[in-house]
Each structure stands twice: as structure tokens, then as C-alpha cells.
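Asker: On the provided structure of chain A, position chain B as indicated by the hints.
Spelled out from the first residue to the last, the chains are:
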Amino acid sequence: MDKPIILCVDDEKVILDSLKIQLKNAFQNSYSYETAESAEEAIEIIDDLQSDEIPILVIVSDWLMPRTKGDEFLIKVHEKYPRIVKIMLTGQADDQAIKRAKAEANLYECLPKPWNFEQLITIIKSGLTNHG
Amino acid sequence: MNQLNAQGNILVVDDTPANLRLLVEILQQQGYLVRPVNNGKLALSAAQGLPPDLILLDIFMPELDGYQVCQQLKSQEKTKDIPIIFISAANEVIDKVKAFQVGGVDYITKPFQVEEVLVRVATHLNLCLLQKKLTQKNEDLTEIIEQLTRTQEQLIQTEKMAALGNLIAGIAHEINTPMGAIRSSIENIANFFELQLINLPKIHDEISLEFQEDMMQLIQIFQQQTEHLSSREKRQIRKQLVNILETHQINQADEIADTLVDLGVYQSKALENFLPLLKQPEGYSVLEKTYKLTTLETSTKTIHTATERASKIVYALKSYAYFESKETVIKANVIEGIETILTLYHNQLKRGVEVIKNYKNIPLIACYPDQLNQVWTNLINNAIHAMNNQGILIINVWQEEQRLKVSITDNGHGIPLEMQNKIFEPFFTTKSQGEGSGLGLDIVKKIINKHHGTIELNSTFGKTTFTISLPIEQNQDN
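Read top to bottom, the protein sequences are chains A and B. Residues in the first sequence are numbered consecutively from 421, following the working numbering. Residues in the second sequence are numbered consecutively from 2, following the working numbering.
Read the hints as simulated data drawn from the structure, not as lab findings. Among the clues, some could well be false.
No farther apart than 27 Å at their CA atoms in a straight line, the calculated lysine-lysine pairs in the DSS-like style are these [stated by the list, open to error]:
(1) A:Lys545 x B:Lys358
(2) B:Lys358 x A:Lys489
(3) A:Lys423 x A:Lys519
(4) A:Lys489 x B:Lys235
(5) B:Lys235 x A:Lys433
(6) B:Lys313 x B:Lys161
(7) B:Lys235 x A:Lys500
(8) A:Lys423 x A:Lys496
(9) B:Lys358 x A:Lys433
(10) B:Lys290 x A:Lys423
(11) B:Lys302 x A:Lys433
(12) A:Lys433 x A:Lys423
(13) A:Lys519 x B:Lys406
(14) B:Lys203 x B:Lys235
So the derived list for chain B, only partly shown, Cβ under 7 Å to chain A, looks like this [as the list claims (entries may be wrong)]:
(15) Ala182
(16) Glu298
(17) Thr299
(18) Ala307
Note that CB positions come from ideal geometry on N, CA and C, so glycine has one too.
The following block holds chain A by itself, in its conformation from the complex (with noise of 0.2 Å):
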């Protein structure tokens, strides 16, 4: 039985590795946990899962990265996959982004790096609560 996913996107791998490493603190074995270092990355490993019928949960993407930024990203998955908790992550985001992303993507929430564990996993909880 296929365990439903919470996806990370990031250019850095610094950000991917530790991400990951919390994610598995906090959640253990509920969920499985996939990485893409960029947004291309990310659509496809999401129609991929999507074709295997594994669902996806939760995205937490940064925003600031090469070609499509996070909230474009963001706004293409929202069109396909409405029902994922979608999460923000950035160093440095513009406000016409984090809006646009609100009001297209369904923006959950957009956390600033340095992120807070307790807040980033309250939140991950909470959209899980509220959406799933």
C-alpha cells in the first residue's frame, strides 16, 4: 500500500537534505517523502505519482528558483490538483507573488527561511487537518 507523499521543492540541495530530515523526525513513516530541485522536477514527479495513483498531500516549495518560480509552479499544480495543502518556503519572496499565489494557487501559508520547525510542522499539520 502506497503511503501518501509530502513533496519538497528547492534549488538547494542544503535546504532538500535537511527539510527532509525533519520531515522524517516529525512524521516518521506516515507519509513518504520526495524531493525535486525544481519545478520541472516537481510536475513531473507529480504526474508521475499521479499515474501510479499515489496521492500527494502537501508541497512546500520555495519561491526563488531558476525558470519557474514558486508561484507559478504552484499555480500549475493548483489547476490540476486543487486538493494539495500547498506551502511556501523562501529566503526572499515578492508580495505580488505571495498574492498572486493566494488567490490562484490557494497559497495554505508562506513561511520565511530561517524557517521554524515547530511552526513549519504546525502548519503542515494544520493544512493536512483543514484540506485532507
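Answerer: Only chain B this time, still in chain A's reference frame:
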């Protein structure tokens, strides 16, 4: 004429009362203000007290003669610029050369014609006035030039800070990213200590001897991994491992494969060594314990990498904002300067600009390094802008005889031919209002000129190159 007369204040010096009276009379009739004195000593004190606009000075007088009076007046700051016209009788032997040498502007011989005296006086008063005006204008101009130089320095500094302002948002991201990694890694480590440290003394008893061997092997694999696989590659390997685990009917294949990949077990051959362990009921827990231990090292390495990133950015910022007001030429490495700017622009570049660097071995060059950094900032910033954040930026650095060459090429929209002559002019900009000061390339040009270098532009659609040529040595007198 009358206007001039009204301003004319003339000191007349003659020891012959009749001459003195005559001169005073004809000058006063013209409206000049006249002060008569009958000896050299009085002449000196009168000139010192209230400097006249002109002095008519008799040469042959008892005690101080005209030459001596003239010399003394010329040696005093207050009176040195007053024009002096000598007067001497025709029967006296006048040394004309000496009259000019001691500082006279003209001379008149007695008996004189009234008209001649008046014309000469008017001419010299006029000359003197014009000269004063000229001197004043000169001083004004010098002052204006000084102000301009100061303003220019300020503009350069302002422009530099404006460029920095545009970068700040990006730099915030650049620093917050490593900060995020550091904080989460520290939290991971703290979390381990909080939950796992207490179990550490028991770990020996919980794990049988043969599995301890497996644990050590896993840790070795983890520590020896050199290749950093992308998320995509890891996913593929994980699928392969899941297949192998499932063919061996091992439970929790997904979780095990995921952890194995995180530990660096990529080859199916390596996996085979651990199959006996994983087939045991406690196998999964041993694997997880091993993984937990290695996360400490992962987090530590992350902190290490992240602090280096952050300090690199801070260093770049510091060397950029550095402003040397007392300017001295120092030997510096141009490539280091370019790399500093690329660090500052890192996150803007990573949105879609590929940077190709061709750096040849180059000597240090004598330069103003912080000013050259401003050149690279402007050119790189313009290039990114011209490419609309998507494209290829090529930076070449090489040596050509006694000159260092840097070329910066972008594949953006190019600069139209009719604008190519204008781009180095101050306040010319192709950017929309608020985006550019229009001073960037003007300042670039000024900085390059200061280094006795040249900058050339070559632009067609899809390829714009700025080539800078700088002398390796600057002359001492620069």
C-alpha cells in the same frame, strides 16, 4: 566713460605744487575722485590706507623717489595690483626700462597734453577693471569645477548604492537560504539529542554482534560517498532497490529503500550484503538507528556548507560597499572582483542565466579595485537586464601584451545602431523610468578613462559585447 570716471579713485604724487594742482584739476573735471600727496612717504601711507584704482607717480622726488615708492607698493599684497603711471619732466633723464621693471604700466612726460593724460588714465583704469573681472570669473570657474568634481564623486557613490539597493532583495534570499539550512540542521541535531541520546548507552545490548558489523559497514558507505546524486537519480535508484527488496519478500520495502538511498547504498550489489540483516525482524530498526546517527553528520555538513555560503556573500557585500575616499592605486586581481559581483548576482543569475567563464592566467594589475567592481556590476547588471533574466552570459578575461582584457557578452536584444553612440552619455537610459539612473555607463566610461583604459561596444541582435582593455601598470604620476 562717465560711469568709469565715477568709479575712478586716483592718487596723484608730485613734489611740485604747480604740477600737482594741474593734475588734480584736470582729473576732477572728468569726475574722478582725486587724492593729491606731495611726497613718497605720504603716497605709501595713502595707498595702504585706502588703495586707489590708479596712481600717477612723479619719479624725481626728495627722499623716496618714484621707483622706490613703486617697488614698495608692488611688494605689498594690498597694493601690488594697483596700476602705476610714471610722470617725469622731459628734461630729466628717465629710465623707461627701469620704470617698467619696477612695475609701472605706463609713463607720461611733462609738459603733457591734457588729452593724453586723460586717455592713458582712462585706458589703464579700464584695463584694470577688466582684469579684476577676469580674475573674479576665474575664481568662480575654479569653484564651479571643484563643486562638479565633488558632485561627480557623490554621484558615483550614489549610483553604487542604488545598484546595491536593487540587489538587496536578492541578497536577503541568498543569506536566508543558508540561515534556513543552518537553523533546521541545528534543530535536527537538538531533536536527536533530546530523543535519542538517552538510548545511546543501550545501543550495544540491543544490537547483536553480527548486526553491529552491518551497521559499521553502512556508516562506512555513508561516509565514503563522494557523488552527490540529484533527486531524480535517487528516485530511480530507490525504485530499483524496492524491486530487489520485494523479490526477497522483505517488508517495508519503500521505507527501507528510501533510507538506504539516504545512506548512500546505490548499487544492488551493495544491497545484497545487507539482505541477511533486512530479512531479520529487527533489521528495519537497526537500519533506522543507523540512519538517525548519520543524520547528525549530514546536518553538521549542511551547517558547514551553509556558513561558507553565507560568509561568502557577506564578504562580497563588504568588498562591494567598501569606499576608499583617499584614492590609491593598488595591485589587485580582476577575476576576484568579477567573482565578487557574480556572487552578489548569484540568485538573479540562477533564475535563468547560464554564466560561461573563460578565465586565462592573468597578472595582478595596478588599479582602483572598488571602482573596477562598479564597472563589472554595471556591465553584468545591464547584460542580465538586456536578456530579461534568461540567456547566456559569457565572461572572458585574458592578457594581450601589456594589457588586460575583459569581455562581457550577452545574447539579449542588442543595442540599436542609432543608440550605440549615446549609451555612454550621462542620463541616457533605455530602461524604463525608475529602473536605471542613466549614469551607469557614463560612470563606467569615467572609471575606465581614469585607468587609462578603453571600452568598446559591439552589438548586433542577439549578441552584445563590451570589451574593456586596461593597462597592467599605471604610471606613477597618475
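Asker: All the hints need checking, so say for each whether the structure fits it.
Answerer: Against the structure, the hints:
| no. | hint | result |
| --- | --- | --- |
| 1 | A:Lys545 x B:Lys358 | violated (46 Å) |
| 2 | B:Lys358 x A:Lys489 | holds (26 Å) |
| 3 | A:Lys423 x A:Lys519 | violated (32 Å) |
| 4 | A:Lys489 x B:Lys235 | holds (23 Å) |
| 5 | B:Lys235 x A:Lys433 | holds (13 Å) |
| 6 | B:Lys313 x B:Lys161 | holds (20 Å) |
| 7 | B:Lys235 x A:Lys500 | holds (26 Å) |
| 8 | A:Lys423 x A:Lys496 | holds (24 Å) |
| 9 | B:Lys358 x A:Lys433 | holds (24 Å) |
| 10 | B:Lys290 x A:Lys423 | holds (22 Å) |
| 11 | B:Lys302 x A:Lys433 | holds (12 Å) |
| 12 | A:Lys433 x A:Lys423 | holds (24 Å) |
| 13 | A:Lys519 x B:Lys406 | violated (46 Å) |
| 14 | B:Lys203 x B:Lys235 | violated (33 Å) |
| 15 | Ala182 | holds (4 Å) |
| 16 | Glu298 | violated (11 Å) |
| 17 | Thr299 | holds (6 Å) |
| 18 | Ala307 | holds (6 Å) |
In this structure, the earlier hints numbered 1, 3, 13, 14, 16 are contradicted, and the remaining ones agree with it.
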